[in-house]
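Novice: Residue strings, one per chain:
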Amino acid sequence: MNLRRYVVLRLLQLVPVTLVVIIINFLLVHLAPGDVSIILAGDTADPAYLAAIRERYGLDRPFLEQLWRYLVQVGSGDLGLSFRSREPVFAEIMSRVPATLLLVGTSLGLSVIIGTVIGTWIARRPGSTTDSVVSALAVGLFSVPVFWLGLMLVLFFAVQLQMFPAMGMSSVDGPREGPGRILDILHHMVLPVLALMTVSVGQYVRLARSAVAEVMGESYITTVRAIGFPDRTIMMHYALRNALLPVVTVLGLQLGLVLTGAVLTETVFSWPGLGRLIYDAILARDTPVIMGAFIAMSVTVAFASLITDLVYAFLDPRVTL
Amino acid sequence: MAFSATRLTRFCLAALALAAVAASPPRAQAQQPATLVVPQLGEPKTLSPNFASDSLGFAPTSNVYSHLVAIDWGVNKGTGAYGDLAESWSTSDDGKAVTFKLHKTAKWHDGKPVTSHDVKFTFDTVIARKYPAFVVLKNVREITTPDDNTVVLHLIEPEVGFVPMLAQVSTWTGKIYPKHLWEGQDGFDKGPLVNAPVGSGPFRFVRWERGGLVELEANKDYFRGPPKIDRLVFRQVTDVNVARAEFDSGRLQFLNYEYAPPLAEVAALRRDPKLKVVFTPSHFSRDIQLNLTRKPLDKLEVRQAIAHAIDREAMNRLAFSGFWKPAVHASVESQGELINRDARFPAFDRAKAEALLDAAGLPRGAGGWRFDISVTNPNFPDCKAMMEVLVQQLRQVGINAKLEQFDQATWFRRQAEKNFDISCYFTRYGPDPDAFREHFMTGGGRNNMSYSSAELDQLATRAATLQNKAERTTIYHQIQSLIVRDLPYINLFDEQKTTIIRTGWSGFNTEPEAFDKAITWFGYYTVTPPGR
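If you read the protein sequences in the order shown, they are chains A and B.
95 is the number of the first residue of the first sequence in the numbering used here; add one for each residue after it.
685 is the number of the first residue of the second sequence in the numbering used here; add one for each residue after it.
Since the hints were derived computationally from the structure, they do not count as laboratory data.
Be a bit skeptical, because a hint or two may be false.
Stated by the list, open to error - Far from chain A, by Cβ distances over 10 angstroms, these chain B residues were calculated:
(1) His864
(2) Val878
(3) Val921
(4) Arg1097
Claimed, not checked - Here are some, though not all, of the chain B residues that point toward chain A, as calculated from beta-carbon distances under 8 angstroms:
(5) Thr719
(6) Val721
(7) Trp773
(8) Ala812
(9) Lys814
(10) Pro816
(11) Lys822
(12) His838
(13) Glu841
(14) Gly896
(15) Val926
(16) Val961
(17) Gln988
(18) Ala1093
Said to hold, decoys possible - Computed spacing ranges between beta-carbons, pair by pair:
(19) Met246/A to Leu1002/B: 51 to 61 angstroms
(20) Asp778/B to Pro182/A: 42 to 52 angstroms
(21) Phe236/A to Ala948/B: 43 to 53 angstroms
(22) Phe963/B to Val344/A: 31 to 41 angstroms
Since the structure is predicted, the reported quantities are computational estimates derived from the model, not experimental observations.
Note that CB positions come from ideal geometry on N, CA and C, so glycine has one too.
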């Protein structure tokens, strides 16, 4: 199949997926008790104002009509206005995406690289003391609750050593642009990235270790060994490429969750990310923001799985698109 | 695909180098003169306070906008209201017209003068759209502006508590908007100023960094004189423990009550010379509402038994380390002579509670339980701590109580729908005692208990229009006697806020020196940094 045609077909699949996502989530938000009118009007509001809000936001209409109106609106490329801030939902979401991508993307990238390197390294001697210690440590790290680890990092690095800041993405008095701004953001990133990474790196260590160990036992490796290739060439050129396939699969799955996977870390470090926006929107029953975020998430998941498949085909010649 | 080991090594080295660069602190910045960073638990919903009740927007908007009249923690010493834009006010003899004289020097942040037309425009819009401040302004028939500095609110019914209630609601919503910038917008939730407010308050809006902070700067032309801090930043610190850590490491100067330390730590904190711990009482209580439409709470004996089962001293020790003030009257200490000290809630007496329940036909049955009941609370840490103890105290007299928790929207909805048995609540007694109507009159906005007493309705309605202070006080004493007799609610504690302030800083709104000057409960106008 022609690559372009394949990509277009895969992207077209997004339409039914998004439709189902919208319908299910619209129903779920609708089923939750309370609506935005109580949040906006307060507990002593005049019933007339509650009714006015419901009317202004279309909440007084039958469920199916609300859903139909929303679908038509999304179909025309408009995600609507937030019930709370009255700003365009698309702009609200986009203003939070860079922060989340920076945090989760960086820690995901670092965990994959570091995890794969460590996993590969210990797989060379399965069953050795190093292997047992590192493997146990990897499982241990994977089980640490990320908010607890975050708080411990804050206590040690932000309070005791005063090396890194613990709140937000930039300093109040920091430079607003140029290299100073970038350094300021990097400085603020260290602790949250470290917290997220420490927890996820163990997973990749385990994955890479078992995959590499398995591949090293294959007969084609014995063959290249018999031919007399040096260890490093065998590892890099022949073993790792095949061993990377499960790592790519897991990475693809996690990439799909990149926008929302860090609510706890974002909360501990007051990171201005998308996870917290969605959390707040759900508590306030801000339907347009909730729906917009879910649409953004389904698009990300679809793209991530598309990229995973493309990379898979590239890594594994047996797979054709 | 072939990537060599050297390339991989090089990449890792590059990543390490990047991390090392990141680890070095950003270059030293010029000392900004007097910035106060106030932590906030989350993001404001909007910076237009007049269309939404938005607890996280109160602080930024109260410092940008002005109010006709205001109130702050000075309510503790009996202040009902003081003028913000209003220099003075007077009520007509028939009690149906309140005339406000405005400060002549107040200016909008764009330089235009603040006039009576702005007040009329704002309140007319609130009334027409029934925005949240309508809860007070619904008694306004017409607003007239005899001149630029005079505004008259003509009331439908005389209402003694009108100005204090206006001051109270203004702290949250009903702030004065500039007519020349808002005229022509379709309501206060549309247009360019919704999230870029132009007000006439002590601070100007600078920027709102989404998910991060709201920054304000001192308004040098403020009509009361410029504030002593140059910048006021409301920064989101979403984790209470992180905020505390940042305070301890010196990067925050002030923690408000949302970040209050566990009261068990207060004794130790008080010995620390680097900070001061401030307790501020309020005109709210922490209490429980009993749903009178639910069985067996509809029986007076059962409500009496519940009151007898409550040990406030033990609750204080367990929930608040003994630092709160138990409340035994249907009022709080800040109300002074308005408290009827002869009307007391039933005292703690477990044997009497059991006897009352037996007499009510609710003997201990299987497992020792008399009946099941659920206890709920709004998402306040103090309510949660109290209700955990209450459940245990009820279980000790054989009431099978269990705790139920909901998110805020759900809890509000359930209270409004009267879908609860017992709930922690925050009854209000000031700034004017007319508050009793809202909480205890038949159909009152906060009468979630469905309490109805013809006698109380009649007394409260009369007191609302009564100008004679002594006579009014007598009526409110009678009302408290009725409440203590009928027990639609049981008062437990005076509400108390805990704030911690770094030594050298002063004038925070919870400190007595700022009372009646701070401009609302959320005002930072009076804050003085070290050395000024």
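Novice: All hints are to be evaluated individually against the structure, with a verdict given for each.
Specialist: Going through the hints against the structure:
1. His864: holds (21 angstroms)
2. Val878: violated (6 angstroms)
3. Val921: violated (5 angstroms)
4. Arg1097: violated (4 angstroms)
5. Thr719: At 7 angstroms from the nearest chain A Cβ, Thr719/B passes the 8 angstroms test, so the hint holds.
6. Val721: holds (6 angstroms)
7. Trp773: violated (24 angstroms)
8. Ala812: violated (10 angstroms)
9. Lys814: Cβ of Lys814/B sits 4 angstroms from chain A, so the hint holds.
10. Pro816: holds (5 angstroms)
11. Lys822: holds (7 angstroms)
12. His838: violated (20 angstroms)
13. Glu841: violated (17 angstroms)
14. Gly896: holds (5 angstroms)
15. Val926: Holds - the Cβ of Val926/B comes within 8 angstroms of chain A, reaching about 5 angstroms at its closest.
16. Val961: It is violated, given that the least Cβ distance between Val961/B and chain A is near 20 angstroms, above 8 angstroms.
17. Gln988: Violated - the Cβ of Gln988/B stays beyond 8 angstroms from chain A, reaching only about 28 angstroms at its closest.
18. Ala1093: holds (4 angstroms)
19. Met246/A to Leu1002/B: 51 to 61 angstroms: violated (29 angstroms)
20. Asp778/B to Pro182/A: 42 to 52 angstroms: At 50 angstroms between Cβs, range holds.
21. Phe236/A to Ala948/B: 43 to 53 angstroms: violated (34 angstroms)
22. Phe963/B to Val344/A: 31 to 41 angstroms: violated (53 angstroms)
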